[in-house]
Amino acid sequence: MTRRLALHPDRLFSADPTTRAIARTLYAEVADLPIVSPHGHTDPRWFATDAPWSNATELLLAPDHYIFRMLYSQGVPLDDLAIPRRSGHPTTDPRAAWALFAAHYHLFRGTPSRLWLDHVFAEIFGIDVALEAATADHYFDAIGERLATEAFHPRSLFERFRIDCLATTEGADDALLHHQAIRASGWQGRVITTYRPDSVIDVEHEQFAAAMERFAALTGEDVHGWQGYLAAHRKRRAAFRAMGATATDHGHPSAATANLSAVECEALFARIVGGNWTPADAELFRAQMLTEMAKMSVADGMVMQIHPGSYRNHNAGLFTSHGRDKGADLPMRTDYVHALKPMLDVVGNERDLTIILFTLDESAYARELAPLAGHYPCLKLGPAWWFHDSPEGMRRFREMTTETAGFYNTVGFNDDTRAFLSIPARHDVARRVDCDFLARLVAEHRLEEDEAVELAHQLTSGLVRRAYRL
Amino acid sequence: MTRRLALHPDRLFSADPTTRAIARTLYAEVADLPIVSPHGHTDPRWFATDAPWSNATELLLAPDHYIFRMLYSQGVPLDDLAIPRRSGHPTTDPRAAWALFAAHYHLFRGTPSRLWLDHVFAEIFGIDVALEAATADHYFDAIGERLATEAFHPRSLFERFRIDCLATTEGADDALLHHQAIRASGWQGRVITTYRPDSVIDVEHEQFAAAMERFAALTGEDVHGWQGYLAAHRKRRAAFRAMGATATDHGHPSAATANLSAVECEALFARIVGGNWTPADAELFRAQMLTEMAKMSVADGMVMQIHPGSYRNHNAGLFTSHGRDKGADLPMRTDYVHALKPMLDVVGNERDLTIILFTLDESAYARELAPLAGHYPCLKLGPAWWFHDSPEGMRRFREMTTETAGFYNTVGFNDDTRAFLSIPARHDVARRVDCDFLARLVAEHRLEEDEAVELAHQLTSGLVRRAYRL
Amino acid sequence: MTRRLALHPDRLFSADPTTRAIARTLYAEVADLPIVSPHGHTDPRWFATDAPWSNATELLLAPDHYIFRMLYSQGVPLDDLAIPRRSGHPTTDPRAAWALFAAHYHLFRGTPSRLWLDHVFAEIFGIDVALEAATADHYFDAIGERLATEAFHPRSLFERFRIDCLATTEGADDALLHHQAIRASGWQGRVITTYRPDSVIDVEHEQFAAAMERFAALTGEDVHGWQGYLAAHRKRRAAFRAMGATATDHGHPSAATANLSAVECEALFARIVGGNWTPADAELFRAQMLTEMAKMSVADGMVMQIHPGSYRNHNAGLFTSHGRDKGADLPMRTDYVHALKPMLDVVGNERDLTIILFTLDESAYARELAPLAGHYPCLKLGPAWWFHDSPEGMRRFREMTTETAGFYNTVGFNDDTRAFLSIPARHDVARRVDCDFLARLVAEHRLEEDEAVELAHQLTSGLVRRAYRL
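Chains as they are written, first to last, in this note's numbering: chain C, 13 to 482; chain S, 13 to 482; chain Z, 13 to 482.
Chain C with its partners taken away, still in its complex shape:
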């Protein structure tokens, strides 16, 4: 006897009838608004080639570290899930991998992955039974059949999802060929890139040397001299802007910034490219480069995103066998007030600059981030991120930032995903959680209902378009 799968129209709304009724009204205002996705990690190749995806496992399971990290934590080997090793793909049958996932689907109870996946299954694929061992084959077949049809090709889904703008993220050493191909194709979907220079800034990144070579080749600059290196960044920022980019993104271990003199910069850079750097040099260089990037943003108008605080590749054994992005990145305590001061001393009072701060350390929301964003003209708060991109996480974000930073120092929602099919689900969850938060303020007479309607639109559309200059 299989269980029914049906998304409840009131899901994620408070049980209290007064609050729920207000939440419904607010949600009705924004439920069908187009999706603006200013930060994410989908593959631009999909939209360049519009080639169909092959099966449920390759599309939904193997690329999604939210899913396989949970399965791995409960003892399921990655090979059995068709997750690639550094040495190549395991010879796992995709159907068998899917069955294994289905048999463990109960592990996701209470997680956002469950919400997103059920939304994908029910809304996108039209499946009406719950995923479990008994329905694994039905799922695998139904999804496979649909993926083979034109309506499930990447561009068709992009249009069906009503995506107004989708930003991908490419490294400074990326030639942006897929983005060029999208533009050359004549397709009208707005897919833009984002400038992510980590691999040419972080000398501790395992791909630093190779990335610097490509960086040099793409720019024709002497990237091993400080001035040439900066010039190369300026050139590539311009090239990214030509492919639609309005923003840069920086994923550093900490939020440290620095404000060195020109002489100190030259000397530090010489140690970095000379190979005789210490870990402290590496950190200082990353710190200085955030300030350099901020200064370039003052000049060229690109919005700057700082995503700090992830301990990358924590699992040594798994990194050796499977490489990066295998669910072994872990949040760390992150300081902002001290860390950002050197950069803010330079650009903090710039009214035309926008720097969007993210965190994996929720204790910074009320203590540091909301007070910073509620004072400095250049600072805005990015939404609840990664591990906190969930109903409870989003609720805590609003509860801990709104009273000090207000709503207008936030920037709407980021789906931040490489799981393209989950994008509508993620935006839907965010809209529901925001509407429910607003509904509580109205129900407690802390906000008028007409204000809440205006805010629901702002949180869905207005703030993101303004902050990201879209």
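Hints were generated in silico from the structure; no laboratory data involved.
Just so you know, these numbers come straight off a predicted model, no measurement behind them.
Keep in mind that a hint or two might mislead.
Derived coverage of chain C by chain S (criterion: at least 3 residues anywhere in the stretch with Cβ under 8 Å from a Cβ of chain S; other residues may be distant) [claimed, not checked]: (1) 28–34; (2) 374–384; (3) 387–401; (4) 410–416; (5) 444–455; (6) 458–469.
Using N, Cα and C, we set each Cβ at its ideal position, and we do this for glycine too.
Given chain C, put chains S and Z in place with the hints provided.
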């Protein structure tokens, strides 16, 4: 078409009807109790002179960094808001500044400033339309007219607000002339001072040298010798007590305390006043002085308040142009368990001493502060402070401290404000949030209703009078 | 006029009627399930001798630091509560101590102690008036009379409480005589031990030297040589397993682990036992021993519990007069992501190893602990601990861990208590809070009701039996 302004009688109560009904009952018990304000920053000159305030901008906008920090964060220049520079007042028209504020009033949605201001507008000034661009002149005129009348002079409002006791805060180098004038005037309002010696303890304070000179002049002691310096503190504490003070207040960067030998104290003090101190010396001296102040409190019975964890004047550019208290103070992570141990080793088990701890780091509530206050006889918890003095902040304070420290190791509400007109609003918010928290405990059968009634009175009146010895 | 004492059947359930109705249904499923108590500090002597307890003060008040720390914080001297000093028992009359406690019972409003005690009074002793000064004698008499009867002897209560398994905790230097006596007695109650080697691992522990001597005597090993020391641990772990132990427990100041070479281990151990160690050596040795214990757990299958982050004996004066465990242990900020990496590099991917992590620092729940447990196969999350073992604390635990770690990386409830009579109350609170959390997920359509029923059983019984291998 202007929007209506009306305070809902159930504002800040849970939407759930059972909880709300209990909250209403509890609130009815305490809504009209007199205000006891044991910690704040109003200007004693107002009550000494009883001179009228001039207009809405000078009274409500220009002195309130809660308001202008938010406007500044959204790109509004401080000059346009009539905020004084170090070099003097800008030539901004107060009416134009008010209009600018009104046009940005939507920024405060979801913030406590909005709750406080609407209360001031509706309850104190009797305005019945919402503040927005279209009503700015109406507000400016209506407020201006009322301020010119006798009923809106400081002492009249003090009495109208039913303030039982109002504590201001003065530096150790303050001659307390306004407090003397209040007493000499024969007016019966109870305005008392609080001993705040930061500027003669913190050698990194920009006014340290000048404050030490006044400290010497006021006491006739050799304040540059360790014994004379301590004697001067004792004299001034006595002088403050003569002006009603029952408490001292200490705003340090950290909660660090120290317990040095007499010889070490002498040597450290010699470095401090000799000018050859390091930043570590400055921190150590502040730390030692908390212990010295605690020992003096054991002797003279003054309640000690510790307000740590603010990074003062974070915005370098703004500090240069506009000076301190311009909304650029930011919370920092703060340790208590290690920091307070040296002082607690000396005075921790004193049953007649009261030390009230505050924090800007909410992560310390359940982890450090409630466990400390739930053990040491001398320690009590101050209410949610500054950035956390808000409905959600107060709720988190209760949720994270009550189970370990109970209600009876807390000390009621502090408004901590220089915005005199907001005092009734702030106490009203605190009473509502506390009643709603108690109502939830009753509704969930964790507390009997008669106990909640008793606690509502304690949280409003009993605990503050006892803790501050009023 | 005394007040009534009656436990409300809906206590701890949300006031919202929809949520409450679901919570009731879920709770009905698990309310009467047997108690599995895999971690606690009851005295095995009780069950070995089955001797009756003497009176309310000696049973309920004097041993319970949750209670007397609160009374002490409000100025009640420990002598007056019959709390033993190092120099011996005070000559306090137990009835007078009980009366003092009763007169201060209002201090516990809003605390879990109040919930637990009322449950003990009403359910176990059948008392129907509330505790207060006026009822103190009635309580003391009623409890005393019942304790003298057979039905209130330890083994009778064990059976009445429907305890399926109760784990106590003994040091590595404990001869386990009471556990042997329990087994020899033929009584069928399942009381098992837990291996807690802190006193022979922590050279800063005041009993280290004496404990090492007993450790040597019990094992016949040369415990002052590194190999002999490790062999002694292996022998004692086996001896504990013979007394039913399935787990070890480690209460370290931090979660630091280390992964030293064999040569480094030998040298470090020589410094430790040679007496020429530094505090850094002491910390490093504790860190290395966590890794050694984890490796032994891989070999012998014992579950490993890590309880870090308590600053023991913070109150210097009280430690001198009264010794340890007097309510003066305080939580500290605790890092896990960096701290555990050396150990996880060795055993992190072991699928048959279980390491259960606890915290006193709630800021680590969403930031570090849930992400760690949601990835590493060997890691599970222990329940809300000590100061956080309370309705709000348990709620925060679920809200901050479920979305990343799910329910299945948690291990059910620990009562962690030496207050035997409170065990049913504590498990009842945990079941109610968990059912209410699940009910909210159902009411918000984030979980189906049949899934919630299954989870309620898992959180009560399934997960604890599996995690602790019972």
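Going through the hints against the structure:
1. A stretch counts as covered by a chain when three or more of its residues have a beta carbon under 8 Å from one of that chain; for the stretch 28–34 of chain C and chain S the count is 3, and the coverage holds.
2. Against chain S, the stretch 374–384 of chain C contributes 7 residues with a C-beta closer than 8 Å to a partner C-beta. That satisfies the three-residue criterion, and the hint holds.
3. Counting residues of the stretch 387–401 of chain C whose C-beta lies closer than 8 Å to any C-beta of chain S gives 4; at least three are required, and the coverage claim holds.
4. Coverage of a stretch by a chain is defined here by at least three residues with a beta carbon nearer than 8 Å to that chain's beta carbons; for the stretch 410–416 of chain C and chain S the count is 5, and the condition holds.
5. Coverage of a stretch by a chain is defined here by at least three residues with a beta carbon nearer than 8 Å to that chain's beta carbons; for the stretch 444–455 of chain C and chain S the count is 3, and the condition holds.
6. Only when three residues or more bring their CB closer than 8 Å to a CB of chain S does the claim for the stretch 458–469 of chain C stand; here the count is 7, and the claim holds.
Hint compliance for this structure: no hint is broken.
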